[in-house]
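First to last, the sequence lines map onto chains A and B. Okay, so the first sequence: first residue is 1 according to my numbering, each after it adds one. Okay, so the second sequence: first residue is 744 according to my numbering, each after it adds one.
In case anyone wonders, no lab produced these hints; they're calculated from the structure. Please note: incorrect hints may appear among the correct ones.
[To be verified] Keeping only pairs whose Cα atoms sit at most 20 Å apart, straight-line, the calculated DMTMM-like set for lysine to aspartate or glutamate is:
| # | chain 1 | residue 1 | chain 2 | residue 2 |
| --- | --- | --- | --- | --- |
| 1 | B | LYS1399 | A | ASP437 |
| 2 | A | LYS259 | B | GLU1462 |
| 3 | B | LYS810 | A | GLU730 |
| 4 | B | LYS1480 | A | ASP275 |
| 5 | A | LYS489 | B | ASP1114 |
| 6 | B | LYS1399 | A | ASP640 |
| 7 | B | LYS1026 | A | ASP640 |
| 8 | B | LYS1399 | A | ASP275 |
| 9 | B | LYS818 | A | ASP177 |
| 10 | B | LYS818 | A | GLU707 |
| 11 | A | LYS638 | B | ASP1114 |
[Said to hold, decoys possible] Output of the computed footprint for chain A on chain B, the stretches with three or more beta carbons under 8 Å from beta carbons of chain A:
| # | region |
| --- | --- |
| 12 | 1241-1247 |
| 13 | 1448-1456 |
[Unchecked claim] Pairwise CB distance ranges, derived in the manner of DEER restraints:
| # | chain 1 | residue 1 | chain 2 | residue 2 | range |
| --- | --- | --- | --- | --- | --- |
| 14 | B | SER1461 | A | GLY97 | 26 to 32 Å |
| 15 | B | PRO778 | A | GLY97 | 56 to 62 Å |
| 16 | B | LEU1106 | A | THR368 | 47 to 53 Å |
| 17 | B | ALA787 | A | VAL624 | 38 to 44 Å |
| 18 | A | GLY256 | B | ILE1024 | 29 to 35 Å |
| 19 | A | VAL284 | B | PRO1205 | 52 to 58 Å |
| 20 | A | ASP177 | B | SER1461 | 47 to 53 Å |
| 21 | B | GLN1455 | A | GLY256 | 40 to 46 Å |
| 22 | A | ALA203 | B | ILE1024 | 33 to 39 Å |
Backbone N, C-alpha and C fix where the C-beta goes; we use that ideal spot for every residue, glycine too.
2 protein chains.
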Amino acid sequence: MAGLRTLYGNDAKTQPGLKSNFDVDYVIHYKIPVPEAERAEAEAAFVQLVKGLANVGFATEVRNGGKDSLLVFTKIASDRLLHDQVYRYRVQDWLYGVRVAAPNQDLAQYFQDEPVSEAERLRLTYLLITKPKNEGGAGITPKMGQWKNVASIFPLHDHAFNSHWIKQWSTKYYLDDGDINQIRDRFGERVAFYFAFLQSYFAFLLFPAAFGAAAWLVLGQFSWFYAIVNCLWSVVFFEHWKMKEVDLAVQWGVRGVSKIQHPRPQFQFEREAQDPVTGEIIKVYPHFKRFRTQLLQVPFALACVGVLGGLIVSCFSIEIFITEIYTGPFKQYLTFLPTVLLTIFMPTLSALLTQLAERLTTLENYETHDDHQASFVQKIFVLNFITSYTPIFLTAFIYVPFGKILVPYLDVFQLTAQKFTTQEKPLPTKSWEMNPDRLTKQVIYFTVTAQIVNFATEVIVPYVKRKVFKTVEDVKSEMSEKNADIVKKDVEEEADFLARVRNEAELDEYDVTVDYREMVIQFGYLALFSVVWPLTACSFLVNNWVEARSDAVKIAISSQRPIPWRADSIGPWLNALGFLSWLGSVTSAAIVFLFHRSEHGPNGSPWDISGWALLLSILFAEHVYLAVQFLVRHVIHKMDSPGLQKERAQRFRMRKQLLETTFGAQQGHDAQDETNGPGLSGGEKITRETLEEEARQLSIKGSGSPEQLFWQRQRGPSETIQIGRNLFSEIAANQTKHKTAKE
Amino acid sequence: MAGLRTLYGNDAKTQPGLKSNFDVDYVIHYKIPVPEAERAEAEAAFVQLVKGLANVGFATEVRNGGKDSLLVFTKIASDRLLHDQVYRYRVQDWLYGVRVAAPNQDLAQYFQDEPVSEAERLRLTYLLITKPKNEGGAGITPKMGQWKNVASIFPLHDHAFNSHWIKQWSTKYYLDDGDINQIRDRFGERVAFYFAFLQSYFAFLLFPAAFGAAAWLVLGQFSWFYAIVNCLWSVVFFEHWKMKEVDLAVQWGVRGVSKIQHPRPQFQFEREAQDPVTGEIIKVYPHFKRFRTQLLQVPFALACVGVLGGLIVSCFSIEIFITEIYTGPFKQYLTFLPTVLLTIFMPTLSALLTQLAERLTTLENYETHDDHQASFVQKIFVLNFITSYTPIFLTAFIYVPFGKILVPYLDVFQLTAQKFTTQEKPLPTKSWEMNPDRLTKQVIYFTVTAQIVNFATEVIVPYVKRKVFKTVEDVKSEMSEKNADIVKKDVEEEADFLARVRNEAELDEYDVTVDYREMVIQFGYLALFSVVWPLTACSFLVNNWVEARSDAVKIAISSQRPIPWRADSIGPWLNALGFLSWLGSVTSAAIVFLFHRSEHGPNGSPWDISGWALLLSILFAEHVYLAVQFLVRHVIHKMDSPGLQKERAQRFRMRKQLLETTFGAQQGHDAQDETNGPGLSGGEKITRETLEEEARQLSIKGSGSPEQLFWQRQRGPSETIQIGRNLFSEIAANQTKHKTAKE
């Protein structure tokens, strides 16, 4: 990890402005367009921007941002405003049930008891900048409408923390809760949840890694025992995470924040209407219209399957033809053809379809960020599912069982090729024989090679790219003498700081979705195909150790500091995990059935012989899976956890307190279960007094109603007891009489 | 329905004490044992009983209950005590989140705004009688420990209401929400939920009844189209009910009451410990021990399968042998043998196993009523599942496909029979041919005949039995002259009333579980087998119309008035419904596949030919089912309902109110989404003031820190704007220079 350390170390050395953030909360990167008309418009908008910020209570400073842009620095001008905001949002949390107890009305005491974390301050500041004017914000939404020249609004990195963070993590074997809490305080719960998930997943991987290694040595591939254990593991992991997620949310005090939705500024409403319940004016977009747009997801999914699946199937077929049938000239070069085709087309098509997915999601016009994000994630998952797993599915369930039937059709390539060559005689081929190791090789490729390639493209390439681009641009800027001009005008004490901020303004925003996607797809390989190569988990274990650190580096160095949003779960990815875990039970069963050597050779075409047995084993595996899931869920549901205990304690405290204020302090102690009835003496007093009073009144009025008479016959409990005793003896006498009469 | 009317009418005539309840809340039926020692003990306990009741604030009256028993009448002595209880429990509801708003502190006003319903009063009174002394109750738990002579504690029927209720329902075609609400006010939410479910189920049955009739005419039996529609219907019904349930719970203000658990007095704790969270002393029974007991459910289920399944299989085999193979003497009598065997053994074994289930559940030693009930219901469902569906499963999936292979083994009966006869020659038999109508006949039997028989055993038999028993006992009592003695001693005004109470004391408690069971099992026939006979739903429609009325009669006449417990759902039966609905997709697919005549004759043994096709169709059907369920759930989740609207309105009102008290009335209007930021003017003032103040202080102190200097460069927004504008023109100049330089 020395490399990572020097990576940061270098940055620190080259950027002396890392020491202080000059109390800046947010930097607004304002682009100045070149055409004159637009520039005038931009200037007017800029004036509005600063005025708007000042109006809600921000102090502002403007500096030249380089490359035709301004940097507007903002901070909340007074602590009173900040505390007001914090108090308001905490009250809102309480009203929505996120906080159990209402905030204390004594503000000074309150902020001492529950100090404002950095993440909270930054989040509320960002909301203050972006939320609409009628809700008390400045209404500045980057890249939209009036603010189309606002390139980004970002907080500044705390480089002292970052550098410490990276150094600490790179020397640690295992991340604990304290590390995650640190992330939470700095980058908010949304990012913290990702790292918590990564940590939890990493810890859980230890078991399949150890068991997988043992299984690989003892049981070999395609072991049904490994498949069962693996499925069980994935169920336990999934259910455990679901609990852990709730637990963390409670510990972090964010359980239920997903109920407090942030409206999407891009939402287009069709009409305004009065809410029948609250009487407020709400913006309405008909469900039906949205549903109609959502139906486009079906052709979209089909297009994904068609385009990506088609590409994969073609490359797959060409590959088989060239490597396993073709023996003619240029074979050594042609072997690379499918890889080249995939490398060229796959990223292009993926990017295109991702864009399409984004467009489609925007068209669906959701009212809130969360809905939008969930819908987008769903589409992204479909895309990635196809690109990641189709090749293995093809090999396992088409190539192996149906190879003998289908491979002869690959002659089409031969015929096509022949058309382009002038040769008369057919291209030299050999008769096809199934390559039994193909599946294993493929799984190893996807679980080892691809992970390494991924790491490289994710961390090293952007870093190198940035370095190269920066050098090129530095040269270019210096040539145009613009940059030199700017730097010259910077005040000496600020120069380094401004240089660094200009640099951070150019960085990408950090998108946690990308990292989630990677982990979920990885989990999929483990759940779906690790029975082919039980060492899969070992590879992932190593990969994820590096992944956590490289993601940290990505946040600290290669991205703008993320806005610390809250979250109470990993969101839509949870469903994806559950789906993969379930599908794992089906594919594992099918793969074991098809490839387990003791019963069926890998060469056999088992279709005709035992289709029903295959289906039966799938059906069986799936239902066992569902039953086990039900059981595990039940057991985990019964378990206690620190978060739930904390919540219970909070609720208990609150109830006790409220009851004490309602009923007085003495009776508060038995608040939890049942509230007190009247005391012993009190009860009797009431009974006697009321009865005597009634009796008195009756004697004045003369005889009462039948009801009153009924309750007057026995005055007080002592008379009831006396008469009851009389009845006892009467009945006893009767019983004895009856007995003797019988005898 | 004239019959029902006269049924009630007769009772009313024979019991003139129906007019008034003499303000009695509860009647405690106290048995006096015959042995002298026990009687003395019972007398002491009786004294304690009356004292205990008086201590918590009850007025008491005692009367002779006839048949060696006493009747202790109780009512809450003062309105203040009642209101105190109601207020406490409503506060508790609020603390547990059942009520949205806290009860008003002004009690007089509060009880005018939200009056106490009869059900609420009776429920709280019952709790006051039964809850432990340390929680402020009288701690009287019937049939347990000290109170083993307390036979029952029951409220008195409101016969005026009952008679009106029965008359009204028996002349109505369709029950509406008003009718259900009436039930709720009188008998509590637990009973009301049953009737609401029944009503909802009845309304939903209209569709399959109409569609089934059409399908029967047009499509015939075993139609895949009918199967699909039926499955879809069951999904929609199930999901709709889940929503409806929540909706009703919200409308009735009981959503979440299942969180407020009633402790089971029978719970045996192993040790007392301190709750780590609340510091209270709690009773602990180790989870592990309970789990060990729960494992007994497995042998229990196996025993059920073994015993009941064995009985059914035996009778089934004997029946086939006698009706379809045997041709010897006494055939006409022997045909009844299996029915006789079933009629004798089935109820006996069922009762035995039900008792076993009860014992087992008690052994599992749950802490709360709800857990206990849920576990018991689970076992009961397993039992009833076996007794109800096994015969049809046997016919559909064993008799038809494997009949040819298995029937020859039935010769064992012949051999056995021959041993008992002295005949030398073999008993006369004919060669077996499958009876293709067997399945249909069986389904018709279970869905029509059995329902009628059920109705008879449920309503008419107990009524007749009661009448007969009563006459016999009257005669007996009169002979022993005891009854006459008692009646003679009754005061004239009370005589009729007491006679009626003595009668009610002898009635059974109403158990809603029995009625739920019946409906759920009925739903099972529809979901699982109605594809065999599409008219099933028509039969159920008629049956359920009668069922609702006969259940009403059962509550009003044949049972003690139920204690009006609350509930927020139909509880564990919901899972049973979901399970049956899911299983329906599997069995329907299998039955259609096996019996659909166009492809496979009912005589064929499809196993060898197309086992995989059968499995594939099941697999397919099941997954389509799950997908549709997912979709329907999603759609229903999006829908609004009166209950949810009501809840939303309540929450909105509460938030608005709370925010107004916290932040003052002006800012309360935008309470729902985001709380207000500082006003326009306020913000600017703060900025300027603080900045100016800072600047002043700085000028006193000399130069400040770099941070202070940074924020001092532009004093206030106007300077920022000015400098920003300068930067605009500078950059513009630069851009122009650059452009011209290029040109």
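To see whether the hints hold, each was checked on the structure:
About 68 Å separates the Cα atoms of LYS1399(B) and ASP437(A), which puts this hinted pair outside 20 Å; it is violated. About 42 Å separates the Cα atoms of LYS259(A) and GLU1462(B), which puts this hinted pair outside 20 Å; it is violated. Between LYS810(B) and GLU730(A) the alpha-carbon distance is near 12 Å, which keeps this suggested pair within the 20 Å criterion. For the hint linking LYS1480(B) to ASP275(A), the alpha-carbon distance of about 57 Å lies beyond 20 Å, and the restraint is violated.
Of the supplied pair hints, the one linking LYS489(A) and ASP1114(B) is violated, its CA atoms being roughly 76 Å apart against a limit of 20 Å. Among the hinted pairs, LYS1399(B) with ASP640(A) is inconsistent with the structure: their alpha-carbon atoms are about 35 Å apart, more than 20 Å. For the given pair, LYS1026(B) sits about 17 Å from ASP640(A) by alpha-carbon distance, which is consistent with the 20 Å threshold. For the hint linking LYS1399(B) to ASP275(A), the alpha-carbon distance of about 15 Å falls within 20 Å, and the restraint holds.
The hinted pair formed by LYS818(B) and ASP177(A) fails the criterion: a straight-line CA distance of about 58 Å is larger than 20 Å. For the suggested pair LYS818(B) and GLU707(A), the alpha carbons sit about 12 Å apart, so the restraint of at most 20 Å is met. Under the criterion of a C-alpha separation no larger than 20 Å, the hint pairing LYS638(A) with ASP1114(B) is consistent with the structure, at around 12 Å. With a threshold of 8 Å between beta carbons, the proposed coverage of the region 1241-1247 of chain B by chain A is violated, since 0 of its residues qualify and at least three are required.
Remark: the region 1448-1456 of chain B is confirmed as covered by chain A, as 6 of its residues place a Cβ nearer than 8 Å to a Cβ of that chain, reaching the required three. Separated by about 44 Å at the C-beta atoms, SER1461(B) and GLY97(A) break the suggested range of 26 to 32 Å. Between PRO778(B) and GLY97(A), the C-beta spacing of about 59 Å keeps the proposed range 56 to 62 Å intact. For the pair LEU1106(B) and THR368(A), the supplied restraint of 47 to 53 Å holds, since their beta-carbon distance comes to about 50 Å.
Checking the proposed 38 to 44 Å range against ALA787(B) and VAL624(A) shows it is violated: the Cβ atoms sit about 59 Å from each other. Hint check: GLY256(A) to ILE1024(B), Cβ distance near 31 Å, so the stated range 29 to 35 Å holds. Taking 52 to 58 Å as the suggested C-beta distance range, the pair VAL284(A) and PRO1205(B) conforms, at roughly 57 Å. The hinted window of 47 to 53 Å between ASP177(A) and SER1461(B) holds, with their beta carbons roughly 49 Å apart.
As the Cβ distance of GLN1455(B) to GLY256(A) is approximately 43 Å, the hint placing it in 40 to 46 Å holds. Between ALA203(A) and ILE1024(B) the Cβ separation comes to about 36 Å, which falls inside the hinted range of 33 to 39 Å.
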